[in-house]
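Q: So you can see what is in the structure, the chains are spelled out below.
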Amino acid sequence: MSFVSVRDVFQFYDGRPILERVNLEVEEGEFISIVGASGCGKSTFLRMLLAQETPTRGSITVDGNPPAVEPGLERGVVFQRYSTFPHLNVRDNIVAGESFRRPWGRFWGAEKKAARDRADETLARIGLDHVADNYPATLSGGMQQRLAIGQALVARPRILLLDEPFGALDPGTRLSMHDFLSELRDETGMTVFMVTHDLEEGFKLGDRVIVFDKPRWDPHDPSAYGATITYDFDARNGGFPYQTIKEETHVLRPN
Amino acid sequence: MRLINRKPGRPFALFLLMVPFVLALIAYSVGSDIRLAENPADKLLPAPSKIAATAERLFTEPDKRSGRILLWHDTAISLQRLGLGVMLSALSGLIFGLLIGLLPHLRAMFSGFVAVISMIPPLAILPILFIVFGLGEVSKVVLIVIGITPFLIRDMSQRTLEIPREMIVKAETLGASTATIALRVALPQVLPRLIQSVRLSLGPAWLFLIAAEAIASDLGLGYRIFIVRRYLAMDVILTYVLWITLLAFTLDWLLKKLSQKLFPWTEASL
Numbered sequence: 001m002s003f004v005s006v007r008d009v010f011q012f013y014d015g016r017p018i019l020e021r022v023n024l025e026v027e028e029g030e031f032i033s034i035v036g037a038s039g040c041g042k043s044t045f046l047r048m049l050l051a052q053e054t055p056t057r058g059s060i061t062v063d064g065n066p067p068a069v070e071p072g073l074e075r076g077v078v079f080q081r082y083s084t085f086p087h088l089n090v091r092d093n094i095v096a097g098e099s100f101r102r103p104w105g106r107f108w109g110a111e112k113k114a115a116r117d118r119a120d121e122t123l124a125r126i127g128l129d130h131v132a133d134n135y136p137a138t139l140s141g142g143m144q145q146r147l148a149i150g151q152a153l154v155a156r157p158r159i160l161l162l163d164e165p166f167g168a169l170d171p172g173t174r175l176s177m178h179d180f181l182s183e184l185r186d187e188t189g190m191t192v193f194m195v196t197h198d199l200e201e202g203f204k205l206g207d208r209v210i211v212f213d214k215p216r217w218d219p220h221d222p223s224a225y226g227a228t229i230t231y232d233f234d235a236r237n238g239g240f241p242y243q244t245i246k247e248e249t250h251v252l253r254p255n
Numbered sequence: 001m002r003l004i005n006r007k008p009g010r011p012f013a014l015f016l017l018m019v020p021f022v023l024a025l026i027a028y029s030v031g032s033d034i035r036l037a038e039n040p041a042d043k044l045l046p047a048p049s050k051i052a053a054t055a056e057r058l059f060t061e062p063d064k065r066s067g068r069i070l071l072w073h074d075t076a077i078s079l080q081r082l083g084l085g086v087m088l089s090a091l092s093g094l095i096f097g098l099l100i101g102l103l104p105h106l107r108a109m110f111s112g113f114v115a116v117i118s119m120i121p122p123l124a125i126l127p128i129l130f131i132v133f134g135l136g137e138v139s140k141v142v143l144i145v146i147g148i149t150p151f152l153i154r155d156m157s158q159r160t161l162e163i164p165r166e167m168i169v170k171a172e173t174l175g176a177s178t179a180t181i182a183l184r185v186a187l188p189q190v191l192p193r194l195i196q197s198v199r200l201s202l203g204p205a206w207l208f209l210i211a212a213e214a215i216a217s218d219l220g221l222g223y224r225i226f227i228v229r230r231y232l233a234m235d236v237i238l239t240y241v242l243w244i245t246l247l248a249f250t251l252d253w254l255l256k257k258l259s260q261k262l263f264p265w266t267e268a269s270l
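Chains E and Z supply the protein sequences, listed in that same order.
Position one of the first sequence corresponds to residue 1 (full-length UniProt numbering), numbered consecutively onward.
Position one of the second sequence corresponds to residue 1 (full-length UniProt numbering), numbered consecutively onward.
Just so you know, the hints here were simulated from the structure itself, not pulled from any lab data.
Computed from a prediction, not measured in an experiment: that's the story for all the values here.
Idealized CB from N, CA, C, for every residue including glycine.
Each hint should be verified, as a subset may be incorrect.
The calculated BS3-like cross-link candidates involving lysine-lysine, where the alpha carbons are at most 30 Å apart (straight line), are [said to hold, decoys possible]: (1) Z:K261 x E:K112; (2) Z:K261 x E:K113; (3) Z:K261 x Z:K7; (4) Z:K50 x Z:K261.
To list a few chain Z residues with every Cβ distance to chain E over 12 Å, as calculated [what the hints assert, rightly or not]: (5) L14; (6) A53; (7) A76; (8) R107; (9) I163; (10) I168; (11) A171; (12) E172; (13) L174; (14) S177; (15) L232; (16) V241; (17) F263; (18) E267.
Here are some of the chain E residues that sit facing chain Z, going by a computed Cβ distance under 10 Å [as the list claims (entries may be wrong)]: (19) R75; (20) R81; (21) P222.
Could you put the whole structure together from the sequences, leaning on the hints where they help?
A: Laid out in structure tokens, this is it:
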């Protein structure tokens, strides 16, 4: 049984099919890039992984647990916008990642102090320690997304879901965010799903690139059929498959 | 250069700011002069100097019969009624607005009801309030509450609904309960808007206060204006009107400053 298992998932909005018979098995620690044209249900699929929506038919299970009915601690998320809390300063945004699960959503006394110190360490690691007391609105887009990712990670989710996280950033910032995300991923070994419009980004970061498209198309009624996964690329080794030798042979291995 | 791109410099902007005030004052003085020239005993448009003298008398000299300076007593009681009414409304508007905005079940149950209730003209039920609550303080405060609470509830629930869904979902993924989302995510974000809505509803609140005082009261700014109307004491009425305007303007300004002070993040940007 794989870690994330999507079985025969259908999603309808008002009787219109959006997704049809989606099947996907993902191992723990894999990085899945999700690409596809606009309106092909990528974000819908991500919302279902997030348990913000439940599929009309089929099921999505994580680690064999019963399908979730609402977003919870095991899933972390970063959206393109609105992923940080504007009324909390940068440090408190990080603290919120740990404190929101508490009864009143906050720490008290010594715990509070410890949480703030931990938050400062996290901020130093993600390079935001110099703006700890600022509000998110004063940060650049790249810094805001870094904060959002850091905040999602301190909650220690089992799956990280990214909905076009770098879509609004300029190319240079985007490249440095790629490095940032790769580093964090190497450290945590987390399972990641990332929706992106940028194919290059998808192949660069992902272990697998899955493509959503409509396999059937009625020119008289474009919304008659839903989309599904049409390709599932192996994106490791720069997108060239069959590069890793799996059997023990006498052939000298490249190191 | 297009008109939309022409901007006044700072001194000129200040000058422009003063122009309508000065023009209004001049228009009044001229009108007053014309009427007084025809009939020195005219009461309708007293000279500005007479208003100033009356104002000085009202602000400083005690009433002959009671020995109290009535204007200050009127002001205190009116502000008390207004403050009580507005605070109760703000509190209930905030609580119900948040609940209706956050919880779909409560929204399904109450949003239609509040929409209908808010259409009742408050002054039309003023007689009912006088019958039910008597002619004392309660009926006046209740009129203000009934007058502005439905607006505040609707506005607050709308603002709560406008909080981006992404933010709520993010809080959910951090393990926040409904109560935590309400108190730590929604509440801080609608509080600045509550102050804005309260500023907007201060106008109606003054209207309801003065209406209630005019009809049944024995002290208060509205009561005083309507009592001296009988003697055509325009100088007193105008003094009170100016004083009420100043009070309302100050309240509005204080709320604005309070909002900036309490919620610095609303102004934060690059």
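Q: Could you run down the list of hints and mark each one as holding or not?
A: Results for each hint:
With a CA separation close to 25 Å, the supplied pair K261 of chain Z and K112 of chain E stays within the 30 Å bound. Taken as a hint, the K261 of chain Z and K113 of chain E pair is honoured in the structure, with Cα atoms around 25 Å apart against an allowance of 30 Å. Straight-line distance between C-alpha atoms of K261 of chain Z and K7 of chain Z comes to about 29 Å, which keeps the hinted pair within the 30 Å bound. Restraint check for K50 of chain Z and K261 of chain Z: the C-alpha separation of about 41 Å exceeds 30 Å, so the hint is violated.
Every CB of chain E lies more than 12 Å from the CB of L14 of chain Z, the least distance being 31 Å, so the non-interface label holds. Under the 12 Å C-beta cut-off, the non-interface status given to A53 of chain Z relative to chain E holds; the minimum distance is some 51 Å. The non-interface label for A76 of chain Z is consistent with chain E: the shortest C-beta to C-beta separation is roughly 36 Å, beyond 12 Å. The claim that R107 of chain Z is not at the interface with chain E holds, since no C-beta of that chain comes within 12 Å of its own (minimum 18 Å).
With a minimum CB-CB distance of about 9 Å to chain E, I163 of chain Z fails to clear the 12 Å threshold, and the non-interface call is violated. Consistency note on I168 of chain Z: stated as away from chain E, yet its beta-carbon is not over 12 Å from all of that chain's, at 9 Å minimum. Its beta-carbon lying about 6 Å from the closest one in chain E, A171 of chain Z breaks the requirement of being farther than 12 Å from that chain. At roughly 4 Å from the closest C-beta of chain E, the C-beta of E172 of chain Z falls inside 12 Å, breaking its exclusion from the interface.
Once the 12 Å rule is applied to beta carbons, L174 of chain Z is inconsistent with being away from chain E; the minimum gap is 4 Å. Non-interface call for S177 of chain Z relative to chain E: violated, since the shortest CB-CB distance, roughly 8 Å, does not exceed 12 Å. Every C-beta of chain E lies more than 12 Å from that of L232 of chain Z, the closest at about 54 Å, which supports listing it as non-interface. Every CB of chain E is more than 12 Å from the CB of V241 of chain Z (nearest about 40 Å), matching its label as outside the interface.
Some Cβ of chain E comes within 12 Å of the Cβ of F263 of chain Z; the nearest lies about 7 Å off, and the non-interface call is violated. At roughly 9 Å, the least C-beta separation between E267 of chain Z and chain E is not larger than 12 Å, which violates its mark as non-interface. The interface hint given for R75 of chain E holds, since its Cβ lies 5 Å from the closest Cβ of chain Z, which is under the 10 Å cut-off. With 10 Å as the threshold, the beta carbon of R81 of chain E comes within range of chain Z, its nearest partner Cβ sitting at about 7 Å, so the hint holds.
The closest approach between the C-beta of P222 of chain E and any C-beta of chain Z is roughly 27 Å, which is over the 10 Å cut-off, so the hint fails.
In this structure, the hints that do not hold are numbers 4, 9, 10, 11, 12, 13, 14, 17, 18 and 21, in rising order.
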